[in-house]
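Hey, can you work out the whole structure from these sequences and the hints?
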Amino acid sequence: MSTVQIQNDIIDDFKILDGDLEMTLNYLMELGESLNDLDEKYKIDDNLVKGCQSKVWLKCTKEDDKIYLEGDSNTAITKGLLSILIKIFNKKTPEEIADTNLFFISEIGLNRFIGTQRSNGLESMEKKIKLLALTL
Amino acid sequence: MNNFPLNKIRDDFPILKSRINNHQLVYFDNAATTQKPQSVIDGISNYYKSYNANIHRGIHSLAEKATEEFEETRSLIKEFINASSENEIIFTRGTTEGINLISSSLSKFYFNEGDEIIISEMEHHSNIVPWQMIAKENKLNLKVINVSGDGEIDMDHFKSLISEKTKLVSIVYISNTLGTINPVKKIIEKCRENNILSVVDGAQSSAHKKIDVTDLNCDFYVFSAHKMYGPTGVGVVYGKEEILDKMPPYMGGGEMIKDVSFSNTSYNSLPYKFEAGTPNIGDVIGFKEAITYIKNIGIENIETYEISLKEYTEDALKKIDGIKVVGTAKDKVGIFSFTTEKVHYYDLGLLLDAKGIALRTGHHCTQPLMDKYSLDGTARLSLAIYNSTEEVDYFVESLSNLIKR
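One line per chain: the protein sequences are A and B, in this order. Residues in the first sequence are numbered consecutively from 1, following the numbering used here. Residues in the second sequence are numbered consecutively from 1, following the numbering used here.
Honestly, the hints are just simulated from the structure, not real lab data. Among the hints, a few may not be true.
Unchecked claim - 25 Å max Cα-Cα, derived DSS-like pairs, lysine-lysine: (1) B:Lys78 / A:Lys50; (2) A:Lys15 / A:Lys59; (3) A:Lys55 / B:Lys324; (4) B:Lys209 / B:Lys78; (5) A:Lys43 / B:Lys372.
To be verified - Output of the computed footprint for chain B on chain A, the stretches with three or more beta carbons under 8 Å from beta carbons of chain B: (6) 4 to 18; (7) 88 to 102.
These numbers were taken from a predicted model, which means no experiment stands behind them. Note that beta-carbon positions come from the ideal geometry of N, C-alpha and C, so glycine has one too.
Structure, rendered in structure tokens:
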């Protein structure tokens with residue numbers, strides 16, 4: 001599935017929540033719970049995505065020109081956001097990753113999570129994934 | 001608590017009627033900034049609508065009126081904190097600028113290499129970094145008073161830190177993270193005995209306690225308007241006139257001069273020597289309305305009400321399993337930092353926001369204090385005059401449900 005199709009599916013999943021913040025947060029936490037925990041040995045500074053209030057670790061490997069992503073966070077909501085990004089970008093080629101525009105964020109009203117001031121830095125996670133994909 | 005005009009007060013703050021995420025707003029982030037009553041909003045708006053003009057040098061009627069209102073604010077503040085003269089009231093952008101003004105100006109003439117400055121472990125970054133900066137430049141030593149597990153200043157340790165080289169003590173009156181009310185009067189007394197300058201960071205205290213700088217006998221007292229129902233961008237440095245007189249200006253520019261030529265410039269008298277450039281006139285005038293508002297309710301009445309609300313909140317928080325309050329000093333105000341076993345404070349902040357409850361999460365600009373308690377942050381609830389026991393109940397219920405699941 002293309003990153004566009006995956007994003008369209010995510011938008012459909014969130015539509016049921018009708019923009020309700022509480023339900024959105026709860027759903028994000030559920031998504032986070034379904035993401036496998038990252039092995040403690042990978043929770044190192046090199047894998048950290050710089051954020052203010054929550055910690056995010058990203059582990060990125062490359063095989064047959066495809067990028068494999070794993071990650072974790074110390075906060076449940078951020079882990080949910082991370083799980084969405086992993087769903088979109090996992091097992092894609094570096095080119096696909098670089099060319100992907102994350103349109104789902106504004107579509108489902110997650111803009112509040114983008115800015116660095118909002119401290120969990122959805123944008124920082126996206127940048128880190130794109131950077132790793134191109135440099136691995 | 002019965003005679004306190006809570007409903008009337010709540011009506012005075014238009015923002016409290018807001019609905020946030022389909023819930024009635026419960027504003028518990030008052031240590032960060034307080035909300036503004038209609039009179040403050042009107043005061044600012046009336047200035048721009050009816051008499052906007054630059055102050056002090058204009059001879060036309062609008063300038064006269066603006067100057068009069070601006071200087072009336074200064075007089076009102078002088079009276080509110082019981083200073084001796086208007087010359088002791090200097091307008092700044094806020095507490096942070098105030099501390100920087102004092103540290104920067106004193107650093108030009110007051111310290112010698114090897115001199116010591118004392119602060120405490122519970123200081124806000126604004127009362128750490130400016131001193132660190134001048135300490136580095138002037139080769140001074142910064143000494144730090146220990147804080148106990150409960151969040152109280154260790155007075156014996158403070159006394160033991162005083163030496164012949166101690167030249168200044170800068171201490172927070174009320175901790176923005178712990179809520180502790182520090183025994184600043186005792187600390188200042190000790191400073192007087194030893195000829196040490198004293199600075200009090202009054203950012204959190206000025207809207208919640210009667211402030212009397214003459215009684216405190218501190219050399220400097222610094223505070224912000226926006227934490228006392230006034231606008232952002234305005235603060236005050238109170239300084240004893242004899243010291244302010246000796247201090248060189250902090251910034252150069254218009255307003256702060258007497259005569260300027262390319263070979264020499266002589267400075268204006270107090271307080272204008274420290275007020276270079278056009279000040280934040282509209283917001284200073286708004287601040288006058290904020291102080292008038294506090295005075296009309298009565299700071300003693302506010303204190304009494306807030307103590308009862310604090311005790312109510314303290315008891316309510318004790319009943320929630322799985323939370324830990326950081327900062328349990330005997331003498332404290334309604335600021336409650338806490339952590340929970342199960343939910344990270346960041347998630348907690350967002351989940352409570354979804355319920356319409358605004359509180360703060362993070363290190364609260366007190367990282368050394370967080371390090372001391374081995375925390376990377378807390379959630380913090382902080383109360384003000386318009387908060388009610390019903391709001392506390394709603395908070396406790398919401399928090400309990402979040403922790404339970």
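message: Under 8 Å between beta-carbons, do enough residues of the stretch 88 to 102 of chain A, three at least, approach chain B for the coverage claim to hold?
response: violated (count 0)
task: Take the C-alpha atoms of Lys209 of chain B and Lys78 of chain B, compute the straight-line distance between them, and say whether it is at most 25 Å.
output: holds, 16 Å
query: Between Lys43 of chain A and Lys372 of chain B, is the straight-line Cα distance small enough, at 25 Å or below?
result: Measuring from Cα to Cα gives roughly 24 Å; hence the hint holds.
field: Hint consistency between Lys15 of chain A and Lys59 of chain A [alpha-carbon to alpha-carbon, up to 25 Å]
entry: The hint is violated at about 30 Å.
field: Lys78 of chain B paired with Lys50 of chain A [C-alpha distance capped at 25 Å]
entry: violated, 46 Å
- request: Confirm or reject the coverage of the stretch 4 to 18 of chain A by chain B under the rule of 3 or more residues with a beta carbon closer than 8 Å to the chain's beta carbons.
  value: With 0 residues closer than 8 Å to chain B, the stretch 4 to 18 of chain A misses the three-residue bar; violated.
query: Does Lys55 of chain A pair with Lys324 of chain B here, judged by a C-alpha cut-off of 25 Å?
result: holds, 22 Å
The earlier numbered hints that this structure contradicts are 1, 2, 6 and 7.
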